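2 protein chains.
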Amino acid sequence: MRMSWNYEAPLRDMRFVLEHVLDAPAAWAQCPAHAELDLDTACAVLEQGARFARERLLPLNATGDRQGCRLQPDGGVRTPDGFRDAYEAFVAAAWPALAGPPRWGGQGLPLLLDGLVREMFDACNHAWNMYPDLLHGAVQTLAAHADDACRARYLPALVSGQWLAAMALTEPQAGSDLGLLRTRAQPQPDGSLRVRGSKIFISGGEHDLSENIVHLVLCRLPDAARGSRGLSLALVPKFLPDGSRNAMVCEGLEHKMGLQASATCAMRYDDAVGWLVGEPGRGLAAMFVMMNSARLHVALQGLGHAEMATQNALRYALERRQSRVAGARAAAGGATADPIARHAAMRHVLLGLQAQVEAGRVIAARAALALDLAEQHRDAAVRQAAQARAALLTPLLKAQLTRLGFDGASAALQVFGGYGYVREYGIEQSLRDARIAMIYEGTNEIQAIDLLQRKLLGDRGAALRALLQECLDEARACDGPQQARPFAEALRGQCDAAARALDALLALEHEPAATSALAQDVMEALWWLLCAWAFASSARAALGLHDGDARWRQAKLERMGYARDWLLPRASLHWQRITAGAALLPELPAAQ
Amino acid sequence: MRMSWNYEAPLRDMRFVLEHVLDAPAAWAQCPAHAELDLDTACAVLEQGARFARERLLPLNATGDRQGCRLQPDGGVRTPDGFRDAYEAFVAAAWPALAGPPRWGGQGLPLLLDGLVREMFDACNHAWNMYPDLLHGAVQTLAAHADDACRARYLPALVSGQWLAAMALTEPQAGSDLGLLRTRAQPQPDGSLRVRGSKIFISGGEHDLSENIVHLVLCRLPDAARGSRGLSLALVPKFLPDGSRNAMVCEGLEHKMGLQASATCAMRYDDAVGWLVGEPGRGLAAMFVMMNSARLHVALQGLGHAEMATQNALRYALERRQSRVAGARAAAGGATADPIARHAAMRHVLLGLQAQVEAGRVIAARAALALDLAEQHRDAAVRQAAQARAALLTPLLKAQLTRLGFDGASAALQVFGGYGYVREYGIEQSLRDARIAMIYEGTNEIQAIDLLQRKLLGDRGAALRALLQECLDEARACDGPQQARPFAEALRGQCDAAARALDALLALEHEPAATSALAQDVMEALWWLLCAWAFASSARAALGLHDGDARWRQAKLERMGYARDWLLPRASLHWQRITAGAALLPELPAAQ
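Chains as they are written, first to last, in the numbering used here: chain A, 1 to 592; chain B, 593 to 1184.
Since the hints were made in silico from the structure, they are not lab data. Please read these numbers as outputs of a predicted model, since none were measured by experiment. Watch out, some of these pointers could steer you wrong.
Ranges of calculated distance between the beta carbons of each label pair, as one might list FRET restraints [to be verified]:
| id | chain 1 | residue 1 | chain 2 | residue 2 | range |
| --- | --- | --- | --- | --- | --- |
| 1 | B | Ala736 | A | Ala513 | 49 to 59 Å |
| 2 | A | Asp503 | B | His847 | 26 to 36 Å |
| 3 | A | Arg551 | B | Phe831 | 58 to 68 Å |
| 4 | B | Leu1176 | A | Glu470 | 52 to 62 Å |
| 5 | B | Arg1057 | A | Gln173 | 22 to 32 Å |
| 6 | B | Thr928 | A | Gln162 | 54 to 64 Å |
| 7 | B | Arg1052 | A | Gly581 | 16 to 26 Å |
| 8 | B | Leu1176 | A | Gln453 | 51 to 61 Å |
| 9 | B | Gly1050 | A | Asp459 | 53 to 63 Å |
| 10 | B | Arg1162 | A | Gln453 | 19 to 29 Å |
| 11 | A | Phe288 | B | Arg1057 | 52 to 62 Å |
| 12 | B | Gly1173 | A | Leu506 | 53 to 63 Å |
| 13 | A | Ala513 | B | Arg1143 | 20 to 30 Å |
Here a beta-carbon is modelled for each residue, glycine too, at the ideal position from N, C-alpha and C.
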């Protein structure tokens, strides 16, 4: 049986999240910039996005993987066939400008909407979507920190997608620890810089999709302090304003496990001309402005992979017949085998994936909405609280959804059996492509440290307590409908555990070795809290649907119930461990 | 920093397991066939195996992955450069005959020794080791079920490795459910068969390593019953005894995620000449004789991958410096970064991997020893108990060690950061190669069903109760040394939970839907019981070492303590769920 890899955009679930779980229109009404936006318009944008993803990006996914990127003798990079046409269509349809600032030509639509569109693009072609993925962050960084001349020169072409951007951070000796990087920038009398050094793992550092590529290069000015406080940010374009080629070259492409169609470049800057963005020595601060949205975008890559893997595995499992189900009656019509979707093991895999994808979508949408509110809400107190909420959710989403993307691809591969291991079925590419997202944009281990040190201990639990309050409100709302009560109970249990765990962590605050040993448990436990909230709010929202498809509503309730009963208990171990404090963590080199 | 992929055979740990954890020499003394074997001889064999793996197989691992197998215009399959030379050296050194029956030219050494050698070969080159991997099973099957003429003709060349074997089971519509297969065998007046049909996913169905390839083909005789009771087994050689080419052809090679150097063939048999092995309609029974050892071999592939990934990640983590450790004092000598092996997140990953690999080796060795005792012990009652023990451990090892191979490769890849995703570092190949072992030789879901239905409920818990008794003996032994007591307590806790869970499962015996929903929990929980036993017996054995390296002993104790405190608590959720009985498991198609 040959199944074709396909994509049905989860538009119904997306609308459900916007309308019934988040009530996004009510939030938009409080944001002057979005006050005119209504739900039908938003959903029309999603439908257009779904069509673009399916018609233009999906057909290039497998071919791009096979063909890969090729470094040309002249130092250029050739992307796979069709990538450039798709990119031109993408720009022509104004997708890059969707959430861009209106001042620079953007449409100024919410990041929430932009995020859901990204999920669909990533689901259909993660590698292709790498190229425009950094535009939003580059625009944010330049809009906030570049000088007027720089903004006027670069922002319109970046917002429209006419030019693309690259972030040049990593060096061979400096990965998670950017304080170790060595690229130098020498100020010139005319105010420009000459940038010299080598960078690796630069996604889209060179390619043939756009006429210019704007690099944001982390570097050191002369006499800069050691470590990360000595870093500055430089804008270094492939082509200079006078049209001449800048002194920067792609020295090689990485041969990777996956994401073959995304050019991962080793770049050399040979006294390339650049301009400072932001203050000298404040390069990391200039980039922090984009950190939350960039990490959310990576989370959405994971979500897209998980959705794609899940729906394809489900289609396969409903068609593929092997063996009779345990305890099934003698088959009518003499069928000797049932669809594997009816076997308990496959039901666990598929229900678990569906529920986690749906909860992940709710949590990612909450974070995107928080980013919108932080930017646009009319009330400064709401803006501030939303900023703290987005900051708290970001490392959780980045780490947990990228892991779901990879683990979900692997679980889905298992559903395909031996076919899953064969290239033409598509799922093995998902697994290979999804893996990198657990590493880049801050490894998932770095996210756990960020969550614990900055987002929990940094404000002594204030952001978490605000979130717990909202969860308890949801639990109270679930006390009403009888079918929602088990969700209320489960959510309250998570909240109680979280409150105890927070106290325990605060008591350990000055024992960094003890708390850092618990970072991964904190990450897991808080994620399950967020999931419990998503399960409860989704179930309650589904119960509130009185028109529409009763079967869809019932299935949503069953999936959320499955997740509550079979998945949520995984949280206990992590809460217990945090509350108990850390057990001994031996040193490793001694263990050789 | 460029680290080279390397292998240091875990000879010290293997000797520790043989000598101090299992006391294998005492067991061998009870087996007439092995009574002459002593520990030093056994360890000398392991050293030779380590040298062969490292010197002959490791250098071909990455090149084999890049080159892959190529289907030639004449239908032959060309293996990667060097594979054939390595195979000739392997045969010349008599490795295939290691555990082969002396009657047919084998050395008759224990499967325990053979298993440890396999772990090393798989660690260094899983793809290469696929070719000889099926020899042992084919030999067992033929020795037990073929007629005298067939045995005399085929066994000597298979035992010596002069010829290789292939198992032809899967068909496009028949994967986990072999009852659906359609390949036909027509008896001929001369007693031979004509075999007609198509098979897929046939590892080593065609290649250039040996002069003949002996296929064991599962097929149906005319008027065979439907389903798996209608299956027969046929021996179908590539070259017939008169030297002519049989009517069978490799129609294609699968393009896979990994294991590129292993030829995965689509085979067509066009009235190929074959001979029945075993009784008509008893094809599956003829193959069951090799099932336990074949599945143990797949488990050892996982263990080899996990060992390889762990030791390479550890070497990298001890060299790679990024950031200061949380809470570290200001660095002496002004170092600005510590080896990442000192960071808590990496310590968790690496200690967890080491402990799981070491426990997995103990459990696999217990199973291999049980297979030896089942075959060779002088006492029939011991043979019978050992057979039940091996049968119980087999599905656990197959599922859990193949998952450790894959998850371990992924965890190790994360240690390498961005470099892990790049081909030249080696770890991404481990991840790709390791994935298939979770699927073939019975998917891990099939193993969970086998464990629950046949190995636990099939004898109403007798084999598990015997195992629990032995675990309690170990716990009692751990009550002595003070440092061993926490292991005794942890092991007793697992035994208590297992006894309660067994009662709960037996009470559900006639509710197949409820028990099958718990199959994965049973798998996980029992695995942790086996790990707790391995942690305890390893710790106690280490405490008993009075000569030798005190640092090695201490590190072993710390790793086992880490595993007891940080890993073992994962078991609770699974035990609780089994004891509580199954929660509702919704149907899937309704969930669309």
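Hint-by-hint comparison with the structure:
Between Ala736(B) and Ala513(A) the beta carbon distance is about 58 Å. The supplied range of 49 to 59 Å therefore holds. Under the hint 26 to 36 Å, the C-beta atoms of Asp503(A) and His847(B), about 55 Å apart, miss the expected range. Arg551(A) and Phe831(B) have their C-beta atoms about 59 Å apart, which keeps the hinted 58 to 68 Å range intact. A hinted range of 52 to 62 Å is violated for the C-beta pair Leu1176(B) and Glu470(A), which are about 29 Å apart.
Between Arg1057(B) and Gln173(A), the C-beta spacing of about 57 Å breaks the proposed range 22 to 32 Å. Checked against the hint of 54 to 64 Å, the pair Thr928(B) and Gln162(A) fails, with Cβ atoms roughly 41 Å apart. A hinted range of 16 to 26 Å for the beta carbons of Arg1052(B) and Gly581(A) is inconsistent with their spacing of about 43 Å. For Leu1176(B) and Gln453(A), the hinted distance range of 51 to 61 Å is not satisfied, since their beta carbons lie about 40 Å from each other.
At about 57 Å, the beta-carbon gap between Gly1050(B) and Asp459(A) stays in the expected band of 53 to 63 Å. Between Arg1162(B) and Gln453(A) the Cβ separation comes to about 26 Å, which falls inside the hinted range of 19 to 29 Å. Judged by the Cβ atoms, the range 52 to 62 Å given for Phe288(A) and Arg1057(B) holds: they are separated by roughly 60 Å. The hinted range of 53 to 63 Å is not satisfied by Gly1173(B) and Leu506(A), whose Cβ atoms lie roughly 39 Å apart.
Restraint check, Ala513(A) to Arg1143(B): a C-beta distance of roughly 22 Å satisfies the suggested window 20 to 30 Å.
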